[in-house]
Amino acid sequence: DGGITQSPKYLFRKEGQNVTLSCEQNLNHDAMYWYRQDPGQGLRLIYYSQIVNDFQKGDIAEGYSVSREKKESFPLTVTSAQKNPTAFYLCASSMGTGDEKLFFGSGTQLSVL
Amino acid sequence: QKEVEQDPGPLSVPEGAIVSLNCTYSNSAFQYFMWYRQYSRKGPELLMYTYSSGNKEDGRFTAQVDKSSKYISLFIRDSQPSDSATYLCAMSKTGTASKLTFGTGTRLQVTL
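Residue numbers (the numbering used here), protein chains in the order written: chain A, 1 to 113; chain B, 1001 to 1112.
These are computed hints drawn from the structure, not numbers from a lab.
All the given hints hold, so there is nothing to weed out.
Computed footprint of chain B on chain A, listed as stretches where at least three residues anywhere in the stretch have a Cβ under 8 Å from a Cβ of chain B: (1) 27-40; (2) 102-112.
With beta-carbon atoms standing in for the labels, derived distance ranges: (3) S67(A) / Y1051(B): 28 to 36 Å; (4) P1014(B) / K57(A): 44 to 52 Å; (5) L1046(B) / D59(A): 14 to 22 Å.
Here the structure is a predicted model, which means the values were calculated and not measured.
Don't be surprised by glycine CBs; every beta carbon is placed ideally from N, CA and C.
With the sequences and hints as input, model every part of the structure.
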């Protein structure tokens, strides 16, 4: 089955800790995205990548980092610089950045201990 | 004021009812309009996609865009309990996903 796999489903972060959220897709999509979802707010774009080894900041990139070493994978690291990391994180992909039809993973809920 | 406004609900309707979900927006440059359905603790899935004004129908779902009023709607006919979810509108000026602006979502509950 083609799709996007996010892991883990739930993640807990201690003060001062960096944590990494995994995102893998087998849709052969070029573009991948990370969004953050908070109650009462629309999805906000953190980072996106159009091709391997290239990525751009979205609207709320501070405190986050990404890499795109393989087409299939786009991990997100929530660093200790992100002071309010508790949120539902969604990874998505599209055929290309000229295509606005997003396919989403099932999300990771990150909470602070 | 947010660029895209959406009533958070919850909206509760009986099974079989016609549901109307709406978004208003302030940016007249938006041309691409989408509706996503999101079940609890899951990722959104694309339901409807329209370009510019007009209606689009897909089964029990109809998407309507009124650019003159800056207002989009999603109608669900013969609503089912399985339609219970949060519905997110999204829109952009260009056909690029990185420029999408999402609404906050409306939670819909269809009761038996």
